[in-house]
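Engineer: So you can see what is in the structure, the chains are spelled out below.
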Amino acid sequence: MIYLDNAATSFIKPPCVAEAVFHSFGTIGNAGRGAHEPTLNASRLIYKTRTRIARLFGIDQPSRIAFTANVTEALNIAASCLPFERAVTSVCEHNSVLRPLFRREEEGLPLTVIGADDLGRIRMDELTAAAGPACAVFLSHAGNLTGNVNDIARISSLVHRQGGLFVVDAAQSAGEIPIDVREMGIDVLCFTGHKAMMGPQGTGGIYVRPGLDIVPFKVGGSGVHSYDRHQPPLMPTLLEAGTLNGHGLAGLCAAAAFLLDTGVENIHEKVSSLAGGFARQVRDIPGIRLYGDYDAPLRAPLVTLNIGDMDSSLVSDILWDRYEICTRAGAHCAPLMHKALGTQDQGAVRFSFSWFNTDEEAAAAAAAVREIVRENL
Amino acid sequence: MPVMPMRKKIPYIVIPFDTTTDAMAMEAACADLGIPGRLIPLPREISAGCGLSWRIGIEEYEIFKSQIEDLGLSMNRPVRLLI
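From first to last, the protein sequence lines stand for chains Z and V. Just remember that my numbering sits 5 ahead of the position in the first sequence, which is counted from 1. Just remember that my numbering sits 1052 ahead of the position in the second sequence, which is counted from 1.
In short, the hints are calculated from the structure, not lab data. Since the structure is predicted, the reported quantities are computational estimates derived from the model, not experimental observations. It is possible that part of the hints are untrue.
Claimed, not checked - To be clear about the criterion: a stretch of chain Z counts as covered by chain V if any three or more of its residues have a C-beta under 8 Å from a C-beta of chain V, and this derived list gives those stretches: (1) 91-104; (2) 278-289.
Unchecked claim - Label-pair restraints from in silico Cβ distances: (3) Z:Val-224 / V:Ala-1081: 13 to 21 Å; (4) Z:Gly-268 / V:Lys-1061: 30 to 38 Å; (5) V:Ala-1100 / Z:Arg-108: 33 to 41 Å; (6) V:Pro-1057 / Z:Val-224: 43 to 51 Å.
Said to hold, decoys possible - Here are some chain V residues the structure puts well away from chain Z; computed CB gaps all over 12 Å: (7) Met-1058; (8) Ile-1062; (9) Arg-1107; (10) Leu-1134.
Every residue, glycine too, gets a C-beta built ideally from N, C-alpha and C.
The task is simple: from the sequences and hints, build the whole structure.
Structural biologist: Structure follows, in structure tokens:
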């Protein structure tokens, strides 16, 4: 089997991740619920995870990171709990950004959705016109369909100049494209643990810049200030009601150590080479259409394509059934991006690479695409 | 039946925290610096509302203070307690 669906979830993880999860059973209690050794072990483990994630993203205060079940939960928190009076997003976004904002729009929040050009790049002129005071701008770092990477530092500077807030969805970049919240001027960073960070599913988080107020998304057990009627106001307790996914975070902690030891720059170099190599092998095959900007200096390691007018689901199924290659077809939870690219009916087939893929696998996938083209067009 | 002697109470300095993360940061800093003490459940004399606190012997507190003061860790006012 060749697994090229890493943008959905990374399948092969560093061995230390599974070992850490296994080890956590029998060693950790419930974090923040007392002072016996098992509960302290859980608290220590989660604190270590927080400090490693902070190092990974250039975050000064680990306490400004709250753990969530996934990036969707983090984005729901950002959409519902930050202080802003209107929002801006783009057609390039995943439903995890769009749906929370559409819900807010139905509740009365003014929302502007900016467009994209033919290569799926956000229209900066529309962003400049739409941003402003008391406005929160929600954009992905890297697009899950096109692999295009937004210039976060430039956008941040634009948004802040106009008195707005900048929320970044790092689902497709965290772990394989360097992120530094200070240098990039990110107010809120939402990330997931199970994609390029190579941790377990059920892990993710939200970073909220110091000084930025946020209210709780959910309230409940906190392990501190139990007689208060309200959720304690300090981060991360403010956003972490209920028992955390300690066993999952044990895996994320090990994954973060792997990322720090390996170096996100090194990971980026390798996965870019794999995706770039695959793109070069397929892009000139007659009948192949790639989506995204391949002249950009920075891309997420994914290649999305169509073969003539073949149903993307059929192509993906042939890739699996005949070649045992795992890809993702269909809409990729990015309905507006597909509409903008004109692929809402056909969908598209996405090949996404990870640190554990090889040049040989990329070449085998390209050969399979070539064969499918030959047999069907 | 033998009568168990009463447990002798000892004076300590107890430093409460508002969040578990603050308590963990303190424990990690003390481990790095070799400062004695340990985390204990928040004593009810401070608050009955759960949470963690750092317990340190009276004679060790001045060393603790001098080494921890500049680290900028979040903690509440120390309390002297017989525990």
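Engineer: Does each hint fit the structure? Answer for all of them.
Structural biologist: Against the structure, the hints come out as follows:
For the region 91-104 of chain Z, the stated coverage by chain V is not satisfied: 0 residues place a CB nearer than 8 Å to a CB of that chain, which falls below the threshold of 3. Look at the region 278-289 of chain Z against chain V: 0 of its residues bring a Cβ nearer than 8 Å to a Cβ of that chain, fewer than three, so the hint is violated. At about 30 Å, the beta-carbon gap between Z:Val-224 and V:Ala-1081 misses the expected band of 13 to 21 Å. The hint said 30 to 38 Å for the Cβ distance between Z:Gly-268 and V:Lys-1061, and at roughly 53 Å that hint is violated.
A beta carbon spacing of about 39 Å between V:Ala-1100 and Z:Arg-108 agrees with the range 33 to 41 Å that was offered as a hint. The beta-carbon spacing between V:Pro-1057 and Z:Val-224, approximately 46 Å, falls within the hinted interval of 43 to 51 Å. Residue placement check: V:Met-1058 keeps its beta carbon more than 12 Å from all beta carbons of chain Z (closest about 23 Å). The Cβ of V:Ile-1062 lies farther than 12 Å from every Cβ of chain Z, with a closest approach of about 17 Å, so its non-interface assignment holds.
A beta-carbon of chain Z is positioned within 12 Å of the beta-carbon of V:Arg-1107; the least distance is around 9 Å. With a cut of 12 Å on Cβ distances, V:Leu-1134 stays outside the contact zone with chain Z, its closest approach being about 19 Å.
The structure is inconsistent with the numbered hints 1, 2, 3, 4 and 9, although it conforms to all the rest.
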